[in-house]
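The residues making up each chain are set out below.
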Amino acid sequence: GESVGLHLPTLSVQEGDNSIINCAYSNSASDYFIWYKQESGKGPQFIIDIRSNMDKRQGQRVTVLLNKTVKHLSLQIAATQPGDSAVYFCAEHYGQNFVFGPGTRLSVLP
Amino acid sequence: DAGVTQSPTHLIKTRGQQVTLRCSPISGHKSVSWYQQVLGQGPQFIFQYYEKEERGRGNFPDRFSARQFPNYSSELNVNALLLGDSALYLCASSLFHRANQPQHFGDGTRLSIL
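Protein chains in written order, with my numbering: chain A, 3 to 112; chain B, 53 to 166.
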């Protein structure tokens, strides 16, 4: 489940397995969504985006799914690698700015 | 190609002081946004600037201000610093200010208030 503050939800997966990171967004009027990856000491790195008129979009090893009915976004990472270990944020565009979720820490086990 | 660059990378200030943080967007990007990221949380929106005008403002006090220059670079100013202002300050740039534009972030300025 989701938590806030210093206790980030953590997902641990075996190297080579698929990862699914979930995000519940806040506003039904949000029209654009982005997934970011943030490594320690770095800024958020753009992974993939999706517009509200779509329900699925694929990139290289990543897929984003959007379910507007329940305001849910997910990021699927295929064949997870050690370099995928990071904190992942979803961001929704609402009004004039982006609103970020609390983040999920992905830990890849050897 | 150079990404978003921010300076300085780290800064230590004391309560009551003032600070100025700088950001250069990706070449060709005209919109700059500022975010505050407290440890363990997602970034929080502070400002967006486009064509030197403020286009959006988050829920931050008037001690926070910003501006954008003709070359699209930007500065964030924070006055009367408080301990709670300790955070990573992130700058993001995008081509335009409208929706459906991916924002690309710099690596931030780590501000510590003593």
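Calculated directly from the structure, the hints in this document are not laboratory data. Wrong hints could be hidden among the right ones.
[Said to hold, decoys possible] Okay, derived cross-link-like pairs now, DSS-like style, lysine-lysine, Cα gap no bigger than 25 Å in a straight line:
id, chain 1, residue 1, chain 2, residue 2
1, B, LYS82, A, LYS44
2, A, LYS58, A, LYS70
3, A, LYS73, A, LYS58
4, B, LYS82, B, LYS104
5, B, LYS104, A, LYS73
[As the list claims (entries may be wrong)] What follows is a set of in silico ranges between Cβ atoms, one per label pair, in the way DEER data are often shown:
id, chain 1, residue 1, chain 2, residue 2, range
6, A, SER30, B, ASN111, 16 to 26 Å
7, A, THR71, B, GLN70, 23 to 33 Å
8, A, PRO84, B, LEU135, 30 to 40 Å
9, A, GLU17, B, ALA54, 30 to 40 Å
10, B, THR61, A, GLY85, 20 to 30 Å
11, A, ALA80, B, GLY68, 49 to 59 Å
12, B, GLY68, A, GLN60, 43 to 53 Å
13, B, HIS62, A, ASP57, 38 to 48 Å
14, B, SER164, A, THR12, 20 to 30 Å
15, A, THR12, B, LYS104, 14 to 24 Å
16, B, PRO122, A, ASN29, 27 to 37 Å
17, A, ALA80, B, LYS104, 24 to 34 Å
18, B, GLY136, A, LYS58, 18 to 28 Å
19, B, SER117, A, SER76, 31 to 41 Å
Note that this is a predicted model, so its numbers are computed, not measured. Every residue gets a Cβ at the ideal spot worked out from N, C-alpha and C, and that includes glycine.
Hint check, failures only:
Checked against the structure, the hints that fail are numbers 5, 7, 15, 17, 18, while the rest are satisfied.
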